[in-house]
Amino acid sequence: EAGVAQSPRYKIIEKRQSVAFWCNPISGHATLYWYQQILGQGPKLLIQFQNNGVVDDSQLPKDRFSAERLKGVDSTLKIQPAKLEDSAVYLCASSLDPGPNNEQFFGPGTRLTVL
Amino acid sequence: GQNIDQPTEMTATEGAIVQINCTYQTSGFNGLFWYQQHAGEAPTFLSYNVLDGLEEKGRFSSFLSRSKGYSYLLLKELQMKDSASYLCAGSYGQNFVFGPGTRLSVLP
Numbered sequence: 005e006a007g008v009a010q011s012p013r014y015k016i017i018e019k020r021q022s023v024a025f026w027c028n029p030i031s032g033h034a035t036l037y038w039y040q041q042i043l044g045q046g047p048k049l050l051i052q053f054q055n056n057g058v059v060d061d062s063q064l065p066k067d068r069f070s071a072e073r074l075k076g077v078d079s080t081l082k083i084q085p086a087k088l089e090d091s092a093v094y095l096c097a098s099s100l101d102p103g104p105n106n107e108q109f110f111g112p113g114t115r116l117t118v119l
Numbered sequence: 025g026q027n028i029d030q031p032t033e034m035t036a037t038e039g040a041i042v043q044i045n046c047t048y049q050t051s052g053f054n055g056l057f058w059y060q061q062h063a064g065e066a067p068t069f070l071s072y073n074v075l076d077g078l079e080e081k082g083r084f085s086s087f088l089s090r091s092k093g094y095s096y097l098l099l100k101e102l103q104m105k106d107s108a109s110y111l112c113a114g115s116y117g118q119n120f121v122f123g124p125g126t127r128l129s130v131l132p
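Same order as they appear, the protein sequences are chains A and B.
Under the numbering used here, the first residue of the first sequence is numbered 5, with each subsequent residue one higher.
Under the numbering used here, the first residue of the second sequence is numbered 25, with each subsequent residue one higher.
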């Protein structure tokens with residue numbers, strides 16, 4: 005079974021530039037999550053999708069971050085414009101269902117450096 | 025919010041036993057996950073506890089006390105490859121909250 009795919013793996017941009025990350029979840033997984041993990045900290049949930057609908061985006065900085073999951077499969081996360089404090093690893097995860105007992109499977113992450 | 029607390033760093037010796045503690049807020053709590061994360065890699069699932077008690081899975085065991093808001097991950101017969109961060113995560117409804125992670129260093 006193929007895992008969660010993410011691209012790019014690394015990205016370096018200057019502040020005020022825009023960047024987009026892509027995620028392809030495990031086939032059949034209805035729930036998709038985007039997390040931000042700053043070095044030395046645990047992952048922080050940015051947004052959770054159930055199919056193509058948003059379940060929770062309460063911690064997404066909506067003035068600069070946006071995400072979509074058209075057709076309920078792949079997802080993109082965009083930052084526009086980027087700030088220095090956005091430097092982090094952006095992890096995508098998926099689970100079969102949104103219920104509280106379901107294990108999340110993580111992708112390798114995209115390491116973003118904002119200069 | 026649902027604060028998850030765990031020690032920042034721990035050190036142990038190869039072959040030893042180490043216990044990593046995690047405390048969490050009990051309001052709205054469903055269950056407790058433990059993930060392992062090697063440096064530069066994605067987290068991988070270790071265990072999930074929803075009932076009180078100890079669940080053993082090979083060298084790793086996880087314990088939960090719902091009334092105390094407390095969990096621990098027990099690693100036996102430590103190996104060098106166990107050097108990693110261990111993330112405690114609580115599920116609340118459909119939300120997941122991760123702790124800061126405990127960085128475990130296993131020394132020869």
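Honestly, the hints are just simulated from the structure, not real lab data.
Watch out, some of these pointers could steer you wrong.
Unchecked claim - Facing chain A, according to a computed beta carbon distance under 8 Å, are these residues of chain B, among others: (1) T35; (2) A36; (3) A63; (4) P67; (5) N73; (6) V74; (7) F84; (8) Y94; (9) Y96; (10) L111; (11) F120.
Stated by the list, open to error - Stretches of chain A that chain B covers, calculated by requiring three or more beta carbons in the stretch to come under 8 Å of a beta carbon on chain B: (12) 41-50; (13) 90-103; (14) 107-115.
To be verified - In the SDA-like style, the derived pairs of lysine to any residue whose C-alpha atoms are separated by at most 25 Å in a straight line are: (15) A/K48 to B/Y96; (16) A/K87 to B/E65; (17) A/K48 to A/V77; (18) B/K105 to A/K87; (19) A/K82 to A/A24; (20) A/K48 to B/R83; (21) A/K48 to B/Q49.
Everything numeric in this text was worked out from a predicted model, so none of it was measured.
Just so you know, even glycine gets a beta-carbon here, dropped at the ideal spot from N, CA and C.
Verification of the hints:
1. T35: Not OK, violated: B/T35 not within 8 Å of chain A, min 16 Å.
2. A36: For B/A36, the interface hint is violated, since the closest Cβ of chain A sits about 20 Å away, which is over 8 Å.
3. A63: violated, 10 Å
4. P67: holds, 5 Å
5. N73: violated, 11 Å
6. V74: holds, 7 Å
7. F84: violated, 15 Å
8. Y94: Check failed: Cβ of B/Y94 comes no nearer than 18 Å to chain A, outside 8 Å.
9. Y96: With a minimum Cβ separation of about 17 Å from chain A (threshold 8 Å), the hint on B/Y96 is violated.
10. L111: holds, 5 Å
11. F120: holds, 6 Å
12. 41-50: holds (count 6)
13. 90-103: holds (count 3)
14. 107-115: holds (count 7)
15. A/K48 to B/Y96: holds, 21 Å
16. A/K87 to B/E65: holds, 24 Å
17. A/K48 to A/V77: holds, 22 Å
18. B/K105 to A/K87: The hint is violated at about 36 Å.
19. A/K82 to A/A24: Status holds; Cα separation ~4 Å.
20. A/K48 to B/R83: violated, 29 Å
21. A/K48 to B/Q49: The hint holds at about 17 Å.
In this structure, the hints that do not hold are numbers 1, 2, 3, 5, 7, 8, 9, 18 and 20, in rising order.
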